[in-house]
Amino acid sequence: MGKRAMRLGIIGGTFDPIHYGHLFVAEEARVRFRLDKILFVPAGIPPHKKNEEITPAKHRYAMTVIGIHGNSAFECSPIEIERGGVSYTIDTLISLREQYPQDEFFYITGIDAICDLLTWHRHSDVMRMARFIAAARPGYSLNRLRDRLPLEYLENILLLGSTMLDISSTELRHRVRHNLPIRYLTPDGVVEYIRKHRLYK
98 MGKRAMRLGI IGGTFDPIHY GHLFVAEEAR VRFRLDKILF VPAGIPPHKK
148 NEEITPAKHR YAMTVIGIHG NSAFECSPIE IERGGVSYTI DTLISLREQY
198 PQDEFFYITG IDAICDLLTW HRHSDVMRMA RFIAAARPGY SLNRLRDRLP
248 LEYLENILLL GSTMLDISST ELRHRVRHNL PIRYLTPDGV VEYIRKHRLY
298 K
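Residue 298, in the numbering used here, is where the sequence shown stops; the numbers in between run on with no holes.
Worth double-checking, as some hints may not be accurate.
[As the list claims (entries may be wrong)] Restricting the straight-line Cα-Cα distance to at most 20 angstroms, the calculated cross-link-like pairs of lysine to aspartate or glutamate (DMTMM-like) are:
{"no.": "1", "residue 1": "Lys298", "residue 2": "Glu268"}
{"no.": "2", "residue 1": "Lys298", "residue 2": "Asp285"}
{"no.": "3", "residue 1": "Lys298", "residue 2": "Glu201"}
{"no.": "4", "residue 1": "Lys155", "residue 2": "Glu124"}
{"no.": "5", "residue 1": "Lys155", "residue 2": "Asp285"}
{"no.": "6", "residue 1": "Lys100", "residue 2": "Asp133"}
{"no.": "7", "residue 1": "Lys100", "residue 2": "Glu201"}
{"no.": "8", "residue 1": "Lys100", "residue 2": "Glu179"}
{"no.": "9", "residue 1": "Lys298", "residue 2": "Glu179"}
{"no.": "10", "residue 1": "Lys155", "residue 2": "Glu179"}
{"no.": "11", "residue 1": "Lys134", "residue 2": "Asp244"}
{"no.": "12", "residue 1": "Lys134", "residue 2": "Glu124"}
{"no.": "13", "residue 1": "Lys155", "residue 2": "Glu289"}
Since the hints were made in silico from the structure, they are not lab data.
Throw the hints in and build the complete structure from the sequences for me.
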């Protein structure tokens, strides 16, 4: 008998730094939609942040590896970082399809990002390659999604519900910069890595 096709969750992001909001959404999606594995994919250069200063990829990758430690269903992929250049979702999905030819892809992201899906590079191809899992965000309703996207896209989106923890990487960077605690917002190993490498100062 052949190997059963895997239900693979993919969560991309800058992860600058990774925090419990990312981790909780990934675990919630894994349990709710019976995903076999969640692949965290730190972006090389995110297309929506091309003009922003972001932490070097080696640090963001290391923090992601540290952050997911202890969950056997979580893995970190350097695929976007190793490819270099701007990280487009379609390129990542094509590369992952070569690695996982039989598996079903579920792309996990915030409902706010999905509202802007029609602006994504080759969005129709992205939709053909993966189902989407939309994590709720404050101020973004299902009606807003219906107003923004065609019906055939909506049918490919699974709603995770109002489970997004109100934590942001921007807030964590701000807190570090102002010598405020970030413990209990991100795993202890990430806190220690930030301190050791003097990030966000």
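Quickly compare the C-alpha distance for Lys155 and Asp285 to 20 angstroms and report which way the hint goes.
-> holds, 19 angstroms
Please work out if Lys298 and Glu179 have their alpha carbons no farther apart than 20 angstroms.
-> violated, 26 angstroms
Taken at face value, is the distance from the CA of Asp133 to the CA of Lys100 at most 20 angstroms?
-> The given pair, whose Cα atoms are some 13 angstroms apart, holds under the 20 angstroms limit.
When you check the alpha-carbon spacing of Lys298 and Glu268, does it fall within 20 angstroms?
-> holds, 13 angstroms
Holds or violated: Lys298 with Asp285, Cα cutoff 20 angstroms?
-> Given pair Lys298, Asp285 holds - Cα atoms ~18 angstroms apart, limit 20 angstroms.
Within 20 angstroms, alpha carbon to alpha carbon, are Lys298 and Glu201?
-> violated, 41 angstroms
Given the proposed pairing of Lys155 with Glu289, does the C-alpha separation stay at or below 20 angstroms?
-> holds, 16 angstroms
Compare the distance between the alpha carbons of Lys100 and Glu201 with 20 angstroms, and conclude whether the hinted pair is satisfied.
-> holds, 13 angstroms
Is it true that the CA of Lys155 sits at most 20 angstroms from the CA of Glu124?
-> The hint is violated at about 24 angstroms.
Given the hinted pair Lys155 and Glu179, is their alpha-carbon gap at most 20 angstroms?
-> Holds, at roughly 10 angstroms.
Take the C-alpha atoms of Lys134 and Asp244, compute the straight-line distance between them, and say whether it is at most 20 angstroms.
-> Measuring from Cα to Cα gives roughly 32 angstroms; hence the hint is violated.
Taking only the CA atoms, is the gap from Lys134 to Glu124 under or equal to 20 angstroms?
-> Holds, because 10 angstroms separates the two Cα atoms, which is no more than 20 angstroms.
Of the numbered hints stated above, those contradicted by the structure are hints 3, 4, 8, 9 and 11, listed in ascending order.
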